[in-house]
Amino acid sequence: MTNKLIVSLSPHIHSGDSIQRNMYGVCIALLPALLCSFYFFGLGAVVVTLTSVLSCLFFEWFINRFLLRKQELTISDGSALITGLLLAFNLPSNIPLWMVVTGALFAIGVVKMTFGGLGCNLFNPALAARAFMLISFPVEMTTWPVAGQSWATYTDAQTGATPLSLIKEAAKSGDASLLDQLPSAIDMLVGQTGGCMGEVSALAILIGLIYMLSRGIITWHIPLSIIVTVFAATGIMHIANPAFASPVVEILSGGLMLGAVFMATDYVTSPMTHKGQLIYGVAIGLLTVVIRTFGAYPEGMSFAILIANAFTPLINNYCKPKRFGAAEGSKK
Amino acid sequence: MDTILQAVGVLGIAGMVLASVLYLVLRKFAVKEDPRLAKVNAVLPGANCGGCGFPGCDAMASECVKAADKGSLEGLLCPVGGKAVMDKIADALGMESVGGDAVRMAVMRCDGSCTNRPQLREYDGAQSCRVAHITSMGETACAYGCLGYGDCVAKCEFGALSIDPEKGVLIDPDRCVACGACVKACPRGLIEIRVVTPDKTGMVVKCRNKDKGVAAKNACAVSCIGCRLCEKKCESGAITVEDNLAYIDAAKCTLCGKCETVCPRNTIHKIGEWETPAEQPVKEEIKNEEQ
Amino acid sequence: MKTFRIGGVHPEGNKLSAARPITIAPLPQVAVFPLGQHIGAPAKPIVNKGDKVIVGQMIAEAGGFVSAPIHSSVSGTVLKIDTIVDASGYAKPAIYIQVEDDVWDESIDRSADLVKIEDRPELTDKEIVAKIQNAGIVGMGGACFPTHVKLSPPPGSKIEWVIINAVECEPYLTADHRLMLEHADEILVGVALLMKAVGVHKGYIAIEGNKPDAIDLMTEKAQAYPDIEIVPLKIKYPQGGEKQLIDAVVGRQVPAPPALPANVGAIIQNVGTAFAVYQAVMKNKPLFERVVTVTGKSLAQPSNFMVRMGTPMQQLIDLCGGLPEDTGKVVGGGPMMGKALINTDVPICKGSSGVLVMNDKEARRGQAGPCIRCGKCVTVCPMGLEPYLLANGTVNEMWDLLEANQITSCIECGSCQFTCPSHRPLLDFVRIGKSTVTGIIKSRVQSK
Chain L
0 MTNKLIVSLS
10 PHIHSGDSIQ
20 RNMYGVCIAL
30 LPALLCSFYF
40 FGLGAVVVTL
50 TSVLSCLFFE
60 WFINRFLLRK
70 QELTISDGSA
80 LITGLLLAFN
90 LPSNIPLWMV
100 VTGALFAIGV
110 VKMTFGGLGC
120 NLFNPALAAR
130 AFMLISFPVE
140 MTTWPVAGQS
150 WATYTDAQTG
160 ATPLSLIKEA
170 AKSGDASLLD
180 QLPSAIDMLV
190 GQTGGCMGEV
200 SALAILIGLI
210 YMLSRGIITW
220 HIPLSIIVTV
230 FAATGIMHIA
240 NPAFASPVVE
250 ILSGGLMLGA
260 VFMATDYVTS
270 PMTHKGQLIY
280 GVAIGLLTVV
290 IRTFGAYPEG
300 MSFAILIANA
310 FTPLINNYCK
320 PKRFGAAEGS
330 KK
Chain V
0 MDTILQAVGV
10 LGIAGMVLAS
20 VLYLVLRKFA
30 VKEDPRLAKV
40 NAVLPGANCG
50 GCGFPGCDAM
60 ASECVKAADK
70 GSLEGLLCPV
80 GGKAVMDKIA
90 DALGMESVGG
100 DAVRMAVMRC
110 DGSCTNRPQL
120 REYDGAQSCR
130 VAHITSMGET
140 ACAYGCLGYG
150 DCVAKCEFGA
160 LSIDPEKGVL
170 IDPDRCVACG
180 ACVKACPRGL
190 IEIRVVTPDK
200 TGMVVKCRNK
210 DKGVAAKNAC
220 AVSCIGCRLC
230 EKKCESGAIT
240 VEDNLAYIDA
250 AKCTLCGKCE
260 TVCPRNTIHK
270 IGEWETPAEQ
280 PVKEEIKNEE
290 Q
Chain R
0 MKTFRIGGVH
10 PEGNKLSAAR
20 PITIAPLPQV
30 AVFPLGQHIG
40 APAKPIVNKG
50 DKVIVGQMIA
60 EAGGFVSAPI
70 HSSVSGTVLK
80 IDTIVDASGY
90 AKPAIYIQVE
100 DDVWDESIDR
110 SADLVKIEDR
120 PELTDKEIVA
130 KIQNAGIVGM
140 GGACFPTHVK
150 LSPPPGSKIE
160 WVIINAVECE
170 PYLTADHRLM
180 LEHADEILVG
190 VALLMKAVGV
200 HKGYIAIEGN
210 KPDAIDLMTE
220 KAQAYPDIEI
230 VPLKIKYPQG
240 GEKQLIDAVV
250 GRQVPAPPAL
260 PANVGAIIQN
270 VGTAFAVYQA
280 VMKNKPLFER
290 VVTVTGKSLA
300 QPSNFMVRMG
310 TPMQQLIDLC
320 GGLPEDTGKV
330 VGGGPMMGKA
340 LINTDVPICK
350 GSSGVLVMND
360 KEARRGQAGP
370 CIRCGKCVTV
380 CPMGLEPYLL
390 ANGTVNEMWD
400 LLEANQITSC
410 IECGSCQFTC
420 PSHRPLLDFV
430 RIGKSTVTGI
440 IKSRVQSK
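Chains as they are written, first to last, in numbering that gives the first Met the number 0: chain L, 0 to 331; chain V, 0 to 290; chain R, 0 to 447.
It cannot be assumed that every hint is accurate.
Residues from chain L that face chain V, not an exhaustive set, calculated with beta carbons under 10 Å [claimed, not checked]: (1) 2; (2) 3; (3) 5; (4) 7; (5) 8; (6) 66; (7) 226.
Once the Cα atoms are required to be at most 25 Å apart in a straight line, the calculated SDA-like pairs of lysine to any residue come out as [as the list claims (entries may be wrong)]: (8) 282(R) / 403(R); (9) 360(R) / 16(L); (10) 183(V) / 403(R); (11) 209(V) / 261(V); (12) 319(L) / 282(R); (13) 14(R) / 319(L); (14) 216(V) / 79(R); (15) 82(V) / 194(V).
Since the hints were made in silico from the structure, they are not lab data. A quick note: this is a predicted structure, and the numbers were derived from the prediction, not measured. Every residue gets a Cβ at the ideal spot worked out from N, C-alpha and C, and that includes glycine.
All chains should be modelled from the sequences, with the hints used to inform the complete structure.
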């Protein structure tokens with residue numbers, strides 16, 4: 000035998016799971032939604048996505064290499080790629096590119112790296128960047144191109160109202176007839192509505208969800224608790240007052256699906272235990288409904304998730320897993 | 000104008016009332032602190048290293064005051080400040096200064112660097128001496144020596160320790176304050192706080208291997224094999240050999256250096272002379288004597 | 000099928016040697032008996048250099064109540080009492096015996112005839128425990144806790160069940176599986192003896208679903224024993240952990256330490272222990288040989304052997320085709336909880352259930368990355384702990400936090416580290432934290 004024997008403590012085998020497997024798994028799950036956004040928003044979507052992804056990767060590499068001077072580069076772990084994709088998903092397809100680059104710098108440089116890089120950030124980088132851009136560039140961030148225009152449109156795309164702004168207007172004026180202008184639920188599911196690039200097709204996102212669940216990348220706790228909470232809360236409101244949109248429309252519109260499936264489930268910023276994840280999901284759902292109905296913005300998903308992110312350490316502190324033998328101990 | 004006056008009046012009266020409440024509360028719940036505590040605290044270095052054996056300088060100060068009440072500062076020592084600080088504390092408390100004149104520092108008792116000990120296996124776990132210690136005897140055949148993952152270096156608040164890949168753990172005599180953090184960090188007990196001369200030197204057996212001669216010899220090029228040559232040579236009776244391992248009592252050692260020259264294994268060294276040559280010069284006469 | 004309720008992982012089974020019958024390994028030239036083969040005080044040698052010993056002769060007596068005597072597995076001359084590197088990776092005192100012939104103690108019944116419990120109705124519970132104690136039997140699953148101590152439960156606890164651990168949830172190992180297939184009758188008598196020793200009327204033999212042949216055979220044979228029930232369990236690691244097994248079989252959870260399985264009314268014994276108990280009580284044969292699985296993907300012929308204690312592992316590896324060139328690690332025990340050995344001269348001891356040879360690529364851990372807070376370690380922890388928190392707390396020496404989060408409940412099964420996508424050495428640190436906190440608690444109890 001030529002080798003030296005290796006000694007280490009047990010366990011001596013590993014499941015084979017890795018950060019890369021999980022991160023690239025999420026990227027694959029994002030593909031259907033990405034293709035949908037290309038299909039519905041054309042060239043603009045491609046340009047914005049490429050810019051976002053490339054600038055996120057660049058900033059990750061640049062900061063690690065030149066500011067933190069780390070030896071190991073983290074660019075290949077896939078987390079910057081996800082941030083880039085998710086950031087693009089949260090933008091309208093006609094946004095100027097320099098704003099995308101600014102958003103990417105904020106996401107990677109401020110939200111992720113200042114806290115210590117992967118695993119240390121308090122907030123979801125893509126969402127924090129979206130909130131930053133929404134406040135910095137309110138006009139560009141809220142003019143949504145209409146889906147399904149000719150393929151080569153970018154900044155010249157026609158813009159229009161999203162279902163959510165219609166819902167908001169109806170709820171404010173108390174005029175239920177405005178809701179009749181909403182597209183049908185089937186259209187919203189497949190993707191015939193305006194809005195951010197990633198939220199155009201709920202169906203594509205659900206395909207991604209099924210993929211991630213089947214590979215064990217995430218569990219059902221967070222997405223399901225968010226969707227069920229929103230459905231129940233808006234359902235009650237709809238029954239009480241028909242001027243509020245129906246729950247089916249609510250869960251299919253805006254960034255809810257995108258947020259529930261891809262944003263809220265971010266490992267780093269979501270709670271560790273299943274119980275904590277359920278609390279986190281319900282909190283996001285309720286906050287979303289409150290912001291959508293009573294807040295200044297038509298969409299509340301991103302702010303709801305960011306607020307819940309801030310509470311994650313607290314939830315981790317109080318939602319301990321059920322200890323083995325704890326129940327028996329108290330019985331006696 | 001009226002509005003201004005009203006506002007000034009209301010706020011002024013409210014301020015007066017609240018101020019008097021504050022004053023009364025302050026008087027009522029005042030914590031009486033021994034004034035000597037502050038004096039002692041001012042003298043202490045404030046490093047909070049815990050080297051004195053108490054958790055931080057505040058605790059040390061209150062121990063000093065307690066000891067002063069009992070009549071003697073005997074047994075208390077701030078290793079960072081040494082005699083100078085203990086004198087000042089005694090002065091502040093109106094006590095006679097005691098002890099603390101012995102200079103201490105941490106001494107590494109293993110010279111088992113990579114060049115001295117052949118690597119027999121590979122450790123593939125957390126880069127921590129404590130973990131490596133419970134995993135196995137280590138990467139070499141010596142179950143007593145330095146593991147080399149730097150737990151002691153990480154624990155030193157004063158930057159006195161460093162690891163040299165050629166020479167192992169080095170302790171900087173100028174920076175070491177003998178706080179003892181490294182002693183606690185080392186799972187193999189290789190670092191000892193020793194009394195040294197005022198210019199921080201002394202003789203040390205740089206080995207802790209208790210194996211029998213042959214095993215110790217095979218494990219490391221500079222291991223103590225318990226041959227007792229140094230014990231026989233020492234004129235002041237400072238060296239004892241127990242469990243196949245020599246130990247030098249600093250109180251009796253006269254620093255004559257005879258043990259260093261007689262040691263066939265190049266194990267005994269003067270603190271501060273770190274350079275152990277990669278090629279060990281074999282002392283011919285002793286080698287012959289052994290045979 | 001039943002299983003335990005919290006956490007668990009599914010490592011690949013890799014039961015390479017499951018179809019290989021147990022063969023008798025040849026005697027070694029020199030047998031080495033470490034004195035600390037069990038939990039508790041090491042045994043004290045009662046032979047001297049140059050003494051002649053025979054097979055089955057006691058060569059070291061128990062060093063206390065929580066201890067066990069050691070019997071020679073060979074006949075020959077005591078060479079020396081020196082040290083040998085055992086599975087802990089450190090040199091420990093041991094007795095070396097030069098093997099000469101194979102002379103057995105005449106009181107040992109070497110016939111293959113089955114002695115049933117009805118054949119020896121005069122045996123009392125105290126006699127059974129005494130025989131087990133004198134035979135030096137310890138838990139043979141790997142923990143090596145002296146069996147007679149387990150059979151003497153603390154006063155006040157009412158024992159209701161004896162549960163036999165035939166789960167063998169560790170990947171690769173097949174020793175218990177083969178033992179059941181080849182010695183089912185003896186095992187059942189052993190279980191009956193254990194039940195008689197503690198005076199209970201319900202015994203379970205828990206077998207994981209990946210051994211359907213053993214489940215069928217044992218169920219068939221157990222029909223003659225109305226008190227003994229065979230419980231097939233779902234495949235999940237660490238089902239062989241005492242606490243997990245009680246939860247899986249009878250649905251009771253042992254509270255946090257210092258509670259013992261006896262506190263909920265269960266006594267757990269390994270199936271190998273049951274076999275040893277049969278041999279000790281019915282055949283008067285002390286514990287000096289056991290079944291060992293020698294396995295590994297790179298080995299030419301993974302096999303199961305009946306091995307005399309003290310045989311160096313190298314000899315068994317040679318019987319399987321020799322140590323391959325690319326060997327990176329040799330593990331004593333299974334891959335989840337076994338100990339990596341620093342050389343292959345380590346002798347087979349009472350707790351050596353297997354020898355696993357891993358090639359260099361399998362043996363190396365992945366590069367550790369940052370914690371991405373995925374929470375997978377929390378999900379799989381069978382004790383409901385938070386390994387990420389415990390590992391971080393250990394690195395930062397936050398002992399109070401660790402105690403509050405029940406680090407002492409950790410059973411060191413390795414599920415967290417097995418699962419961690421970042422390949423973090425979670426259990427390495429948790430072990431340090433656990434031993435430190437245990438020490439703190441102990442010194443606090445003592446000072447009170």
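Check each numbered hint from earlier against the structure, then list the numbers of those it violates in ascending order. When the structure is compared with the hints, numbers 6, 7, 8, 12 and 13 turn out to be violated.
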